[in-house]
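We have chain A already, so just place chains B, C and D on it with the hints.
Chains as they are written, first to last, in the working numbering: chain A, 612 to 894; chain B, 612 to 894; chain C, 612 to 894; chain D, 612 to 894.
Among the hints, a few may not be true.
Which copy is meant is left open, because identical chains are indistinguishable; a pair holds if it fits in one copy or across any two.
In silico PhoX-like cross-links for lysine-lysine, where the CA-CA straight-line distance does not exceed 25 Å [stated by the list, open to error]: (1) 878 - 739; (2) 737 - 878; (3) 878 - 824; (4) 888 - 878; (5) 824 - 633; (6) 737 - 888; (7) 739 - 888; (8) 808 - 739; (9) 633 - 739.
To be clear, the hints were calculated from the coordinates, so they are not data collected in a lab.
Here is how the chains run, residue by residue.
There are 4 protein chains.
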Amino acid sequence: MAHLTTPEAESILDTPIPVLDKGFVRLVDYMGSDQRIVQAARVSYGAGTKTVREDAALIDYLMRHRHTSPFEMVEFTFHIKAPIFVARQWFRHRTASINEVSARYSVMPDEFYTPAPDALRAQSSKNKQVGEGPLPPEVAQTASQTIAQAQERAYQTYQALLEQGVARELAREVLPVGLYTEFYWKQDLHNLFHFLKLRLDWHAQHEIRAYAKAIAGIVQRVVPLAYAAFEEHLLGGALLSRTELAALRNLIDPEAYRQALEAQGLKPSRVREALEKIFGETE
Amino acid sequence: MAHLTTPEAESILDTPIPVLDKGFVRLVDYMGSDQRIVQAARVSYGAGTKTVREDAALIDYLMRHRHTSPFEMVEFTFHIKAPIFVARQWFRHRTASINEVSARYSVMPDEFYTPAPDALRAQSSKNKQVGEGPLPPEVAQTASQTIAQAQERAYQTYQALLEQGVARELAREVLPVGLYTEFYWKQDLHNLFHFLKLRLDWHAQHEIRAYAKAIAGIVQRVVPLAYAAFEEHLLGGALLSRTELAALRNLIDPEAYRQALEAQGLKPSRVREALEKIFGETE
Amino acid sequence: MAHLTTPEAESILDTPIPVLDKGFVRLVDYMGSDQRIVQAARVSYGAGTKTVREDAALIDYLMRHRHTSPFEMVEFTFHIKAPIFVARQWFRHRTASINEVSARYSVMPDEFYTPAPDALRAQSSKNKQVGEGPLPPEVAQTASQTIAQAQERAYQTYQALLEQGVARELAREVLPVGLYTEFYWKQDLHNLFHFLKLRLDWHAQHEIRAYAKAIAGIVQRVVPLAYAAFEEHLLGGALLSRTELAALRNLIDPEAYRQALEAQGLKPSRVREALEKIFGETE
Amino acid sequence: MAHLTTPEAESILDTPIPVLDKGFVRLVDYMGSDQRIVQAARVSYGAGTKTVREDAALIDYLMRHRHTSPFEMVEFTFHIKAPIFVARQWFRHRTASINEVSARYSVMPDEFYTPAPDALRAQSSKNKQVGEGPLPPEVAQTASQTIAQAQERAYQTYQALLEQGVARELAREVLPVGLYTEFYWKQDLHNLFHFLKLRLDWHAQHEIRAYAKAIAGIVQRVVPLAYAAFEEHLLGGALLSRTELAALRNLIDPEAYRQALEAQGLKPSRVREALEKIFGETE
Numbered sequence: 612m613a614h615l616t617t618p619e620a621e622s623i624l625d626t627p628i629p630v631l632d633k634g635f636v637r638l639v640d641y642m643g644s645d646q647r648i649v650q651a652a653r654v655s656y657g658a659g660t661k662t663v664r665e666d667a668a669l670i671d672y673l674m675r676h677r678h679t680s681p682f683e684m685v686e687f688t689f690h691i692k693a694p695i696f697v698a699r700q701w702f703r704h705r706t707a708s709i710n711e712v713s714a715r716y717s718v719m720p721d722e723f724y725t726p727a728p729d730a731l732r733a734q735s736s737k738n739k740q741v742g743e744g745p746l747p748p749e750v751a752q753t754a755s756q757t758i759a760q761a762q763e764r765a766y767q768t769y770q771a772l773l774e775q776g777v778a779r780e781l782a783r784e785v786l787p788v789g790l791y792t793e794f795y796w797k798q799d800l801h802n803l804f805h806f807l808k809l810r811l812d813w814h815a816q817h818e819i820r821a822y823a824k825a826i827a828g829i830v831q832r833v834v835p836l837a838y839a840a841f842e843e844h845l846l847g848g849a850l851l852s853r854t855e856l857a858a859l860r861n862l863i864d865p866e867a868y869r870q871a872l873e874a875q876g877l878k879p880s881r882v883r884e885a886l887e888k889i890f891g892e893t894e
Numbered sequence: 612m613a614h615l616t617t618p619e620a621e622s623i624l625d626t627p628i629p630v631l632d633k634g635f636v637r638l639v640d641y642m643g644s645d646q647r648i649v650q651a652a653r654v655s656y657g658a659g660t661k662t663v664r665e666d667a668a669l670i671d672y673l674m675r676h677r678h679t680s681p682f683e684m685v686e687f688t689f690h691i692k693a694p695i696f697v698a699r700q701w702f703r704h705r706t707a708s709i710n711e712v713s714a715r716y717s718v719m720p721d722e723f724y725t726p727a728p729d730a731l732r733a734q735s736s737k738n739k740q741v742g743e744g745p746l747p748p749e750v751a752q753t754a755s756q757t758i759a760q761a762q763e764r765a766y767q768t769y770q771a772l773l774e775q776g777v778a779r780e781l782a783r784e785v786l787p788v789g790l791y792t793e794f795y796w797k798q799d800l801h802n803l804f805h806f807l808k809l810r811l812d813w814h815a816q817h818e819i820r821a822y823a824k825a826i827a828g829i830v831q832r833v834v835p836l837a838y839a840a841f842e843e844h845l846l847g848g849a850l851l852s853r854t855e856l857a858a859l860r861n862l863i864d865p866e867a868y869r870q871a872l873e874a875q876g877l878k879p880s881r882v883r884e885a886l887e888k889i890f891g892e893t894e
Numbered sequence: 612m613a614h615l616t617t618p619e620a621e622s623i624l625d626t627p628i629p630v631l632d633k634g635f636v637r638l639v640d641y642m643g644s645d646q647r648i649v650q651a652a653r654v655s656y657g658a659g660t661k662t663v664r665e666d667a668a669l670i671d672y673l674m675r676h677r678h679t680s681p682f683e684m685v686e687f688t689f690h691i692k693a694p695i696f697v698a699r700q701w702f703r704h705r706t707a708s709i710n711e712v713s714a715r716y717s718v719m720p721d722e723f724y725t726p727a728p729d730a731l732r733a734q735s736s737k738n739k740q741v742g743e744g745p746l747p748p749e750v751a752q753t754a755s756q757t758i759a760q761a762q763e764r765a766y767q768t769y770q771a772l773l774e775q776g777v778a779r780e781l782a783r784e785v786l787p788v789g790l791y792t793e794f795y796w797k798q799d800l801h802n803l804f805h806f807l808k809l810r811l812d813w814h815a816q817h818e819i820r821a822y823a824k825a826i827a828g829i830v831q832r833v834v835p836l837a838y839a840a841f842e843e844h845l846l847g848g849a850l851l852s853r854t855e856l857a858a859l860r861n862l863i864d865p866e867a868y869r870q871a872l873e874a875q876g877l878k879p880s881r882v883r884e885a886l887e888k889i890f891g892e893t894e
Numbered sequence: 612m613a614h615l616t617t618p619e620a621e622s623i624l625d626t627p628i629p630v631l632d633k634g635f636v637r638l639v640d641y642m643g644s645d646q647r648i649v650q651a652a653r654v655s656y657g658a659g660t661k662t663v664r665e666d667a668a669l670i671d672y673l674m675r676h677r678h679t680s681p682f683e684m685v686e687f688t689f690h691i692k693a694p695i696f697v698a699r700q701w702f703r704h705r706t707a708s709i710n711e712v713s714a715r716y717s718v719m720p721d722e723f724y725t726p727a728p729d730a731l732r733a734q735s736s737k738n739k740q741v742g743e744g745p746l747p748p749e750v751a752q753t754a755s756q757t758i759a760q761a762q763e764r765a766y767q768t769y770q771a772l773l774e775q776g777v778a779r780e781l782a783r784e785v786l787p788v789g790l791y792t793e794f795y796w797k798q799d800l801h802n803l804f805h806f807l808k809l810r811l812d813w814h815a816q817h818e819i820r821a822y823a824k825a826i827a828g829i830v831q832r833v834v835p836l837a838y839a840a841f842e843e844h845l846l847g848g849a850l851l852s853r854t855e856l857a858a859l860r861n862l863i864d865p866e867a868y869r870q871a872l873e874a875q876g877l878k879p880s881r882v883r884e885a886l887e888k889i890f891g892e893t894e
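Extracted from the complex, chain A is given alone in its bound form (with noise of 0.2 Å):
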């Protein structure tokens, strides 16, 4: 059976994917594909290979029915360069592996995410934690200009301090968390998955989602089944509370949610379950 690849996710091996002014996303390595995961589910369930509609189906179920394990069997090695503001949100992910840049080691390049005026973002009145809508066109400009000049003379004072015989580990303190740092960054799916279902959410800022999006594409070639079970069912999916299902008990009908649920081109068995969700066990 050897390494399992998939020729989508091959070509685009080792190519650096732009992101934000100057960072960027590169699949380093990965390990596994889809049937990887079929093969992991069915030490768990005794079968042998089946087709690939059969492989769509189960990873389809596993993924619906939170049997996650599987997933963790495909694993992805990236190479990033964000801004340290980014790289702050992203080390949350307590799960994955890291190696990053030192600033104590090495003497930090002058490289900044400087936002274009366009880029820049309102404070949000109705929601204390984003940015929402632009700026005044000419705010925009100013406020761009501001951020690259204090980005200047930032990096000036560094070299100032560096010159000075201060120590790189002190030096790197008048660095603003806009610089661009590196990281090797090793991730297994099921958590990857996690990542991408908080990080391409409308709440999460702007610039991790630039992040976010490369690598849901480049995850999507590495494993297109289980991306589109996830797409199906946690991304585009949503938790509903135990009061809200019982609001659209009151509401709805089954029968008529059956046939609209049929009409959506379900599966009998996945219009089961969904009827469940909302009327409980059913028969």
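Chains B, C and D in isolation, oriented as in the chain A frame:
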């Protein structure tokens, strides 16, 4: 501020709660409370202390928006006695800390899970994974005796091997997985909720569900507000897929759903979020 | 039995211990004690309660034989205020639970780590990774002022961007990594010892060592016996390689080493183990 | 650059290596190599590619200074067949990903670990935890037969319960922990070394050591340089306590130790580090 304790939890501290025929769950210690969740979240949200009502609202917000880290701030230590096959399912949850009795070091006592006739279940014909429904009474009677006798014989063989001088680590080879074992189990609230979500589910084996129920009762005493949010959003909720949401979108009228949600007593912000799950960003 | 507390720890609960110019470490809560380590280990070892002296012997045994799971049974919650570059090193320890203030949600206060002239270190010429030795006084004076001015300017720019309506999540771009942040940090004793081993080491950056020292002082109060074992075996010990052991084997006489070990007051079982490390299984 | 493979590893990919009487270890896949460790470390260390000799020196440096994250960049997937009591020890390592056959879903085959007479060990009188030394031949003969008969009887009871319609999840109650199970096991190199350090140790039970040896042989083929560093520093090394170092300091002359270390062929930097472990910062 010092240690945070909950009177309802203090009263059951160190009291074994019986589970199955010879097992138990005992709360050894806990750290934190609903108030700690709020404290920890407000490091992130920069505000001061609030009323119980506002705490409940914040905890519900954290739960439904999957801001999981504040729930990790509450920690539980249990002492568990359970059959090996239950412990095997239990230990698949890898985030906990565990100390189990060692059958290399100690002679295991003669204690087995021996299901009474009415605790025996038939193999489900629909679902390969589960036992379902009672056996005919005389079959159940015989099977229960068969199990008890097999356990007795196995333990006699174990003793005979020990008497012949066979090392404990090898003599235990003949002990069946129905043997009781004991372990300390330390887990944080976020991962405990994950454990409960999976192990209270009807797909979980009856025996581990019995332990999950005992643990749920304890957790509810320690963090009543967090447990209520868990019940509303995770335990009593359901993950609807993209296709199921599309079927609902075709089927129901937003205004009628709004009224059904309000009839359930949901606050305006919750109603708005519920509508967005099905109909997307509204206005 | 209930909660286990240690008077020496109770007296400092909730008291911020100052670190660096504006930071602190505050013990928010803890669960367990030396006695809990023993309780948990004895689930594995099947024995009853013992004297303090026997507890100390068992804890030392667990530590030197790397039976790490009982140490996981003790848990600590800290509230930390530290510069971002220190937090970045801190968060590489992935087993902890963390809640940090959000610079998306809150306006960050004007607080920076501004090393006084005598806290500034020169770049080491021997070790690329570390700062080492003082700078010439006038250079240190200038550098300290340079850093303070850069911080002041950066904060003014941050304020200007906020006033122009730029979203907080973007305005923070210009804030340097010397800015103070705050976080809740929950960690178990085993992983805390690992943190301390790495961060008390002289290779660690001076600034994070200052925090590690404050934490070590707290831990020592909560679990004095375990901390003593940590000092003896991990902190004060050293990992000798196979080749180094071979060199020692050629150099020293077992009997002389036995006497030197006994002169240090080691018990016979510890002497035997020490001899085995260098000379292998002795009879 | 693409995928990194090692010819010595490719030749054994997918080949089951027999362990015990009916078990095996099979390398399903791997990602990375010695070169990947170096690549990942150099993200941190900012340099380009080097010769094999320089790679070996860097890997040894990373290992002896416990810079463990680059070793996490290499990943292995194994398919294992082992008795349940071995799997129980194995699964205590919580960083791996695991898919095991389910005795709820599948009827377990009639395969047990049946130690031959000369594989049976007597209970150690010195160490409560281990089996040690052979049994008298006729005792071993009898004990081996006793075990085989007990296994046969247990399996017959299992079959009888299944035939009576008892659910698989309950019928398995009577199956002893000597039954073989199978699982996929995915682990990174850093944690794999930790597993090997513990499970190759003479304190580990003979049966899991047999698996650890098979895995060690495979790992050595995939990452020969990293494995050599592991043998030198972790597997063949020893952790000396503060008191043991003090005894050595009193006993030996630094200059004589220096010569003994040089006689072992250690490079000057390694000699200096070795001296510092015992005599502290020199010069």
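Legend entry - Within, between, both or neither: residue 737, residue 878 at alpha-carbon 25 Å: between (41 Å within a copy, 17 Å between copies)
Legend entry - Identical-chain pair category, residue 739 with residue 888, by Cα at 25 Å: Classified as between: cross-chain Cα gap 21 Å, same-chain 34 Å, threshold 25 Å.
Legend entry - Homomeric proximity label, residue 878 with residue 739: Cα distance no greater than 25 Å: For residue 878 and residue 739, only the inter-copy Cα distance (20 Å) is at most 25 Å; the intra-copy one is 43 Å.
Inset, instruction - Please work out whether the CA atoms of residue 808 and residue 739 approach to 25 Å or closer within one copy, between two copies, in both situations, or in neither? - result: Within one copy only: 21 Å inside, 31 Å across.
Inset, instruction - Go through the copies and call it for residue 633 and residue 739: within, between, both or neither, with a Cα cutoff of 25 Å. - result: neither (28 Å within a copy, 27 Å between copies)
Legend entry - Within, between, both or neither: residue 737, residue 888 at alpha-carbon 25 Å: The answer is between: 19 Å across copies meets 25 Å, while 33 Å in one copy does not.
Inset, instruction - Measure nothing new, just compare the shortest in-copy and cross-copy C-alpha distances for residue 888 and residue 878 to 25 Å and report within, between, both or neither. - result: Result: close both inside a copy and across copies, 16 Å intra and 23 Å inter.
Legend entry - Homomeric proximity label, residue 824 with residue 633: Cα distance no greater than 25 Å: Only inside one copy: residue 824 and residue 633 sit 16 Å apart there, 39 Å across copies, limit 25 Å.
Inset, instruction - Since the copies are identical, ignore which copy is meant and state whether residue 878 and residue 824 lie within 25 Å (CA to CA) inside a copy, between copies, both or neither. - result: neither (30 Å within a copy, 34 Å between copies)
In this structure, the hints that do not hold are numbers 3, 9, in rising order.
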